[in-house]
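The primary structure of each chain is shown beneath.
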Amino acid sequence: MPAPGGTEPVADDELLYRRIPVSQRWYDPQVDPCPSPEAFRPTPNDATGLSVYRGKYKTVEEAARGLEGKSYYVAVLRAGDLRANGIDVVPRPKEGDPGHAELPGLTYENRKMDKVLEWKVLLSGQLCLRVEGPFPRRP
Amino acid sequence: MSTLESQYTISGSFLNVVQTGTADEQTLASLERERQEMRDAWDAVIDRRLIEWGAAPSTLEDDGIAPPSLDVIRLASRLVIAMRDQGAAAPLRVVPNGEGGIVFERQSGPFFQTLEISADLTVELASYRNARLVSRQRLC
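Line by line, the protein sequences give chains A and B.
Position 2 (the first sequence) corresponds to 2 in our numbering; numbering is contiguous.
Position in the second sequence (from 1) plus 1000 gives the number in our numbering.
It is worth saying that the hints were derived from the structure and are not from the lab.
Where a beta carbon is used, it is the ideal one built from N, C-alpha and C, also for glycine.
Accuracy of the hints is not assured; some may be wrong.
[What the hints assert, rightly or not] In silico SDA-like links for lysine to any residue, alpha-carbon gap of 20 Å or less:
(1) LYS115(A) to VAL1134(B)
(2) LYS112(A) to SER1118(B)
(3) LYS112(A) to GLY1100(B)
(4) LYS112(A) to LEU1125(B)
(5) LYS112(A) to LEU1139(B)
(6) LYS112(A) to ALA1055(B)
(7) LYS115(A) to ARG1129(B)
(8) LYS58(A) to GLU132(A)
(9) LYS70(A) to ALA1055(B)
(10) LYS70(A) to ARG1129(B)
(11) LYS115(A) to THR1059(B)
[Stated by the list, open to error] Facing chain A, a subset of chain B residues (Cβ under 8 Å, in silico):
(12) GLU1032
(13) ARG1093
(14) ALA1126
(15) ARG1132
(16) LEU1133
(17) GLN1137
[Stated by the list, open to error] Just the calculated beta-carbon pair ranges, DEER-fashion:
(18) GLY86(A) to SER1135(B): 35 to 41 Å
(19) GLY86(A) to ARG1074(B): 38 to 44 Å
(20) ARG1132(B) to GLY5(A): 36 to 42 Å
(21) ASP97(A) to ALA1041(B): 38 to 44 Å
(22) GLY86(A) to GLY1064(B): 35 to 41 Å
(23) GLU1052(B) to GLY96(A): 35 to 41 Å
Take these sequences, add in the hints, and give me the full structure.
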């Protein structure tokens, strides 16, 4: 049973979900089975780390819920694979969203550093287990 | 950072010409077809990506994501035409970078390359081998 609030450490065998907007074309299975590294570029919303969702708290469909009227894919990752490659994962629950977690090594501020560029390519090309979706837009 | 590692894909037809020193009509036709396919792929980048983004940038808006500006799209179009006319291999993907720029991506075996136009119109080329950065240079 998860600890209240989702503050317990992320276990190595936990699956993590990263939402990918369909509109950006960062994933196209007809072009490449892997998503673009841009799917892992931190945005201004990722000030303390790249946002992901913990599979123990959310389904893939729930993780795919973004802005109204938009469709999303979901990239599936495994926490232990990330850590084995030097990418840390920490729980960062939000109010009403205990499944929120972050990769603190990838932030908006350091997004142009060499190591972050490498991690983006690693996440997209080697650590992404699969991509699910697209999930239909919310009404 | 090591120097840029070149990685070019040589087509079967071109390789045949190099190896045999001859080029029959069939080989020449094949080379012409490959050249045309490459041009068509570059043209598709303009027709199906850049024009679409320029006409309706709001389709790219999302939480924390900014679409490319018209200036970035114009520069990307000029680069596409230049690379097409030089016979460069078509990219794997051309995508927005999420903060007002555009990224061209190319993959060849363990090599991965990005040519990124940033929102401030600077252009950077980065090359990776097995997800390790081997070269990164600002072009303008």
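Self-check item: Structure-inconsistent hints, enumerated in ascending order
Solution: When the structure is compared with the hints, numbers 6, 10, 11, 12, 17, 18, 22 turn out to be violated.
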